[in-house]
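Novice: Taken in order, these protein sequences are the chains called A and B. Heads up, the first sequence is in our numbering, so the first residue is 1 and it goes up one at a time. Heads up, the second sequence is in our numbering, so the first residue is 1001 and it goes up one at a time.
No lab work stands behind these hints: they were computed from the structure. Do not rely on the hints blindly, as some may be mistaken.
[Claimed, not checked] Partial selection, computed: residues in chain A whose CB lies under 10 angstroms from chain B:
#1 Ala85
#2 Leu112
#3 Glu169
Given the structure is predicted, the values throughout are model-derived calculations rather than measurements. Note that beta-carbon positions come from the ideal geometry of N, C-alpha and C, so glycine has one too.
The lines below spell out each chain.
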Amino acid sequence: MSHTQTAPSQDVVHVTGLVKRYRDLVALDHLDLSVRKGEIFGLLGPNGSGKTTVINCILQLLSYDRGTIELFGEPMAPNRYDLKARVGVVPQQVAVFDELTVRENVDAFCALYVRDRRRRRQLVDEAIDFVGLGDYARFRPGKLSGGLARRLNIACGIAHRPELIFFDEPTVAVDPQSRANILDGICRLRDEGATVVYTSHYMEEVEQICGRIMICDRGRAVAQGTADELKRMISLGEKITAEVGELPEGTLERLCGLSHVLSADHADGVLHLTCEASAHNLTDALSVLTAAGVRLGRVWSEPPTLNDVFLELCGRELRD
Amino acid sequence: MGTSFLVSVKSLVRTPSVIVWVLAFPLIMSAIFLFMFSGMRTDGVVDPVPVALVAPVDEKDDASAGSFTQVVDALAEPGEDRLLDLRRVGTADEAEVLLASGEIDGYFEIASDGAPALTVGSAYTLASADGASAVNRTVLETVASSYVQSRALLEEVAQRDSAALADPAAVADALGIHVAVEQAQITHARPEEIVRYYYALLGMSTLMASQAGMLAVAYAQPGVSALGARRAVSGTSRLRQLAGCALGAWAVSTVALTLAFAFLRLVAGVDFGGREGLALVAVAVCALLATALGACVGALPLSAGISARSGILTALTCVLSLFAGLYGTAAMELADNLAHTLPWTSWVNPTKLVCDTFYALYYYTSLAPFAARLAACVAGALALLAVAGANFRRQSYEHL
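Let's have the full structure, built from the sequences with the hints guiding it.
Specialist: See the structure below:
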């Protein structure tokens, strides 16, 4: 699939100071957002953090109280059908016509953007092939599995070859195979020139496919950058795990006393240490354990994951 | 817009609720009406009254007896206007046997002065008889009394001016024979009472068809479904989408109502005054009115979902049908009273307007009343579509 080119230096999406209130609830609190051409931009956040709200505001589906939104360098407005025509949307829910077949559905959505019937036929064929639904073209959505229905949802959003595509949690409730297929497809779209805004609360997905990531919480942008940049923003720099059996008295306290160690925990014969970023965390910890006469089993060290970043920045309390 | 139209048509014809309410409902109700009213249609036919005439062997020699015999023979002659099923018996006893067995409803005896005497069964009274038997008794009494009155009149004429009897015209004048009942046609078609019910059903079915318009539009509304939200952020303008949805719903409604019309005309035999072509035009225009009503409800800026909107339309249809007289005699009287006291209600109630459109076609020789109602339907449809458009073109929502 090929995509229309935009000016290389421009942000495809540029949002500044976006505020959206539902009476007393501030859903978006002066949110700034920039998405560069050709990247997969991840929007991470817990439930109710404002991910879908910001997309709906960008698409002008929701009114907002303050802020500016530009798409392709031009101000976005409800009647900017020329800009909307360059955008594709894959909503969180599978939003298709239950009464139409797979092929009819893709054609119906493609027709909202492409008038020429012959060109549309080609685009529909390509979109169905892209998501691998060729064998199901005559099926109605009700006959499709959850994963296939998600793929149909995607085909309906990309058939008209949009330059900018919003994926709103497209992998919710799908099996690992379908998830891998969907993520591969999104990367292929990026490789073919599309710009993608991807929302999810599956950290590993976002880390896997997104070039830059914004973590938002309570309507605010908490952090933004590449996965590595985000990981460097938190105090956690390394996680050490060791199978140690019983620990002699005082060992845990000595470990906690090491510089750069943030916490130490021993349960069921396994020791967990969290440390700030430092080059000698593992050797320092092993020295303490060896000196205490601990018989070591397996020992391994991990850098922090995006999940750690997310939990540190957004906290661990339960959300809606 | 063309694709929106096709999508609308395809999705509507595959929606079970549309099949049930827009297509099957009028057909099922028509079939029920056909069954209910089958008795009413045959009640208008009068079967010959079985009666016996006690005719002595030598009656031909008796001029007085012969006159009455000629009368009843004439009334028993085969034909569409045959009134009596006459059996001749020799004696009153034979007639009594037949009467007791129920083979005849009564018998005539001719007295010596030539006057007929009617006998009916002893238990055969007006109070106990069913409707048909009471009619039969009245027929027999009328035959006998008319003969007696005419005979007395002629005897009086003979006494006063016997020469007048030589003039057949004068005799006819005296007997009032030439004073026939003349059928005056003041309506375009011969009125049939049951037509009112069928037209009211057509009105209700038309409003039921508004479900198609509601569904087509509501599924394009962001506040109603995720599908609507997805369509709303597309590159096609909202009014273009509304036009496609409404046109599709109109096409589906028109086809469904045309099938209902065909069933009424061809199977139920409902009379449309020989103006079937114009009736089809009315079906299309009334379907437009229904679609516009459905589109208006579908585009209402409510947080209500599809079921709630469907409920609103169903309730509206049922209530408005009451004032169109669908639910029987009492409702008919209510509709008539309302039409007399508040005539404007007939023009704003879509069900009544649809009924009246078909009445105008059926009753009036002039097409002006029909055209006026068609114009009212179109005007109503345009007004409703304007409201729907105003609500539908809204793009940004406070909540979703």
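Novice: Evaluate each hint against the coordinates.
Specialist: Status of the hints after comparison with the structure:
1. Ala85: Holds: closest Cβ of chain B sits about 3 angstroms from alanine 85 of chain A, inside 10 angstroms.
2. Leu112: holds (4 angstroms)
3. Glu169: Glutamate 169 of chain A check fails; min Cβ-Cβ to chain B is 12 angstroms, beyond 10 angstroms.
In the structure shown, a violation is registered for the earlier hint numbered 3 alone.
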